[in-house]
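Participant: Please model the complete structure; the sequences and the hints are all you need to start from.
Here the protein sequences line up with chains A and B, keeping their order.
Residue 1 is where the first sequence starts when you use my numbering, and the numbers rise one by one after that.
Residue 1001 is where the second sequence starts when you use my numbering, and the numbers rise one by one after that.
Incorrect hints may have been included.
Stated by the list, open to error - Chain A is faced by these chain B residues, among others (derived, beta-carbon under 10 Å):
1. 1173
2. 1277
3. 1337
4. 1461
These are calculated hints, taken from the structure and not from any lab test.
The beta-carbon is built from N, C-alpha and C at its ideal position, and this holds for glycine as well.
There are 2 protein chains.
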Amino acid sequence: MSKQVSAHGRRSGGREGRRSLRAKAVPSFPALTRNIPVYEIVPQEAIELIHEESLKILEEVGCEFRDSEAIDMWKKAGADVRETRVRIDRALLMELVRQIPSEFTQHARNPDRSVTIGGKNSVFVPMYGAPYVRDLDNQRRYGSLADLNNFHKLSYMSPTLHSSSSIICEPMEVPVPKRHLHIIHSALKYSDKPFMGIVTAKERAQDVMKMAGIVFGDDFVRDNTVVVSIANCNSPLVWDATMLDALKVYAAHNQPCILAPFALCGASTSASSVGAVAQVNAEALAGLAFTQLVRPGSPQLYGQFMVTVDMKSGAPMGGTPEAAQMMYLMGALARKYNLPWRTSGFHIGSKVNDAQAGYEANMLMHAAILSGAHYIWHAAGWLEAGLCAGYSKFVTDTEQLASWYKYGQGLSFADFKDAMQAVREVGPAGHFLGTQHTLEHFESAFFMPSLMDFNSFEQWSAEGAKDHDQRGREKASAMLTQYEEPKLDEAIDEALRDFIARRERELPNSVN
Amino acid sequence: MSKQVSAHGRRSGGREGRRSLRAKAVPSFPALTRNIPVYEIVPQEAIELIHEESLKILEEVGCEFRDSEAIDMWKKAGADVRETRVRIDRALLMELVRQIPSEFTQHARNPDRSVTIGGKNSVFVPMYGAPYVRDLDNQRRYGSLADLNNFHKLSYMSPTLHSSSSIICEPMEVPVPKRHLHIIHSALKYSDKPFMGIVTAKERAQDVMKMAGIVFGDDFVRDNTVVVSIANCNSPLVWDATMLDALKVYAAHNQPCILAPFALCGASTSASSVGAVAQVNAEALAGLAFTQLVRPGSPQLYGQFMVTVDMKSGAPMGGTPEAAQMMYLMGALARKYNLPWRTSGFHIGSKVNDAQAGYEANMLMHAAILSGAHYIWHAAGWLEAGLCAGYSKFVTDTEQLASWYKYGQGLSFADFKDAMQAVREVGPAGHFLGTQHTLEHFESAFFMPSLMDFNSFEQWSAEGAKDHDQRGREKASAMLTQYEEPKLDEAIDEALRDFIARRERELPNSVN
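Facilitator: Printed below as a string of structure tokens:
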């Protein structure tokens, strides 16, 4: 890769390149700065009790770290290590966790899209990891690279999204060992927003960092966060070698991971919401502490993905009351530890973008916002417990995010006295539509969606009596025809392609 | 009407009748006792500021009371009255409002269904007032008496509903002047839960009280609450003669009304959420104060119905962020005044039971629960801004209410230590499904819906790939075939029919 073409170096070419990108950019909301209080569902003593039980689990039962390098690091740190079992006393654990910064900035290739994660900020990130798509014709089929490119285009065009994720859907036609190259290229090429990493093998994480280096500059990505990745604990209490490898690669570069146990509550945790949270908290803390052995002070995200299990089918359920309640507990724990944290927003079980999808989605997003989550993942596209990325669901969600954005900004008292003066002017039995106050404030006062339909039944019928799912497909289709690429510098793109071509030659076509 | 057949008298016949009713009853949840904190979206000082502005409006601008009897009552009470404009100083206003009890019991004809409204309790009440239905074949057409009977049957069969409302849909084939008789008879006959009154004319309110007297005993309904009714203020700041007539009839019998301005925010209020709340609060307080001139100490409900207006069509919108935010403010005001209060839960704009419906519905219900509302109306069936009652939406909502019920009950710490013991037993990489703790707690720990579908895509496809709307229609249809009537005492039903027949002869077929 050539240093001259990097977009984040200190060289003038890069700056100019960035300016020209900015000129073409579509609108994008900054991170939501929450101006409403968080909701504390239990008193602080209950949070302390959960914390205490989590610590006891790590001290008494410990956590598996199934990687010899990780085990050596834990031994060196003074943990109680027997084979792969690591018992961590509370002093060591909390000393490590305290080293994690409470917020960090994730840089985008377009600096206007960089976001600070933590504090009062919330960012919305589309879904990740679906093998299937529900397409523009409402057919469910395997995802392709063309679909993935489309989802990155939609991410770029959606003002409410603060990231383009990466594997929104899997490009199933690309061989697994090479897939990560094309996924990251798609995210970098078709959108200029922050993106997510790959964690399925050490070499793939390294390739992500090399590709990021091509775009941002190798020096830049050594210390500055440009990619957020996911590291799932295998509940209960196992950090496996694959995840630990990825953690090591990313932490070494100051690139945060989300230390998120993927908990199927009732199966991989006890059948207790509070018990599940205490366990997941222990798992997350153990993983977070480990990252600080790799690189002290490296940014990380506390996190959770907790769903309950359907007794009938064993499948994960989405928008349940327990999922919402557990989010509040995780948020309170994150605040106790002063950590930036991730939850999921619109992750649902429904197979289609129907009423179930909507009920599930907003059961969870309300809790995500009120629990003060910083990194709200799976905030667009998610269907079928994550197995499917829906085009209609994607644009449905991105409009709903505008509603949550408004909600999180809180109530404005700035024009309150003027509004009350308007009541005096209008008086009983009057109407407000023509008043000066209304003309000046209507648009900013109230959320006005376009995909949701509030027309009369007659008007709606005349327009084809389309349900929300159909309107969503049509909107996604229209957006894609209007898409204009936020061009990568040509030399950067060429360098990326060269890298991909080389790695394609080196890598096998299948996993042994 | 015969005193011997009343179900709520002190005579043994009544008691026996009640016992036999109870034996046949379908399951029903008691009122939700909320065990989670309310969410305060703004500091208390902001609530005091809104209160202050509301008082100033009532003192400076005043409120119209377009009824000569009401005007005389206000004069007698010492308000500043000029023609129909009543300016109420804060001392008088608050002295009257303070007389309203903070909670009351609404008696049902089956005493097991009686509910206390206020305090930590929330009750769920189906929608009201739709001229149209979306039927079991997904057709939108005028409502009929058969539809209304069906909705009362579904209300009876839905454990999460604490009332059968009354005019869930309008029986459009019944002439308007006689319609109320059949609506109330339907509610009383096909369900044994609490119900709602009629307010469209003084004589109709009187007929409701007479019919209630037949069922509960004239003596009983003179002082005991058996019916809750709605009295909408015409925003801005007008209480019209029709509503005041109904208020007078019901308050005289200790039957509460919901003093709820129907506010189209931005049209009948200023274009400010906070301004709208201050105005609606003034309107509600004026109406509430008036009820205490009729009967001091009579129970009443503080309330609101506040939706924003779609700029494109002028139509009311449903699940908007502002509607949720305003709910929190109204809840805080209700607590300040120590009043039981009503909000709406699943009131939406969507024409069909689709994704939009779901997103809208749960945007609002989350706020209804967290704002501590006592009487959560429009909690089943509502489509199309209230113009349409949907069968599928009705059963969708009643299942979702079970989720909110669980949510509102809060998190259980009772088995927390046992759950953590299970983690010790299972250890890393184990699974919890077979543990004693899981077997004992799974069912109570997690919400398990039946209408929502979490099966695999393959299973769901094999079952017909039905969306939630279709499953809802099928469930509603199945419920109606399983319905068993909670029989009214035959003599009571006969007395009701005699009353209706007499009133049918007396009343005209059309309104002049």
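Participant: Under 10 Å is the threshold here; is the Cβ of residue 1337 of chain B close enough to any Cβ of chain A for the hint to stand?
Facilitator: Where the cut-off is 10 Å and the nearest Cβ of chain A is about 19 Å from residue 1337 of chain B, the hint is violated.
Participant: Take the shortest C-beta to C-beta distance between residue 1461 of chain B and chain A; is it under 10 Å?
Facilitator: 8 Å, holds
Participant: Restraint: residue 1173 of chain B near chain A, CB-CB cut 10 Å. Satisfied or not?
Facilitator: 20 Å, violated
Participant: Using Cβ atoms only, decide whether residue 1277 of chain B comes closer than 10 Å to chain A, and label the hint accordingly.
Facilitator: With a closest approach of 9 Å, the residue 1277 of chain B hint holds.
Checked against the numbered hints given earlier, the structure breaks hints 1, 3 and satisfies all the rest.
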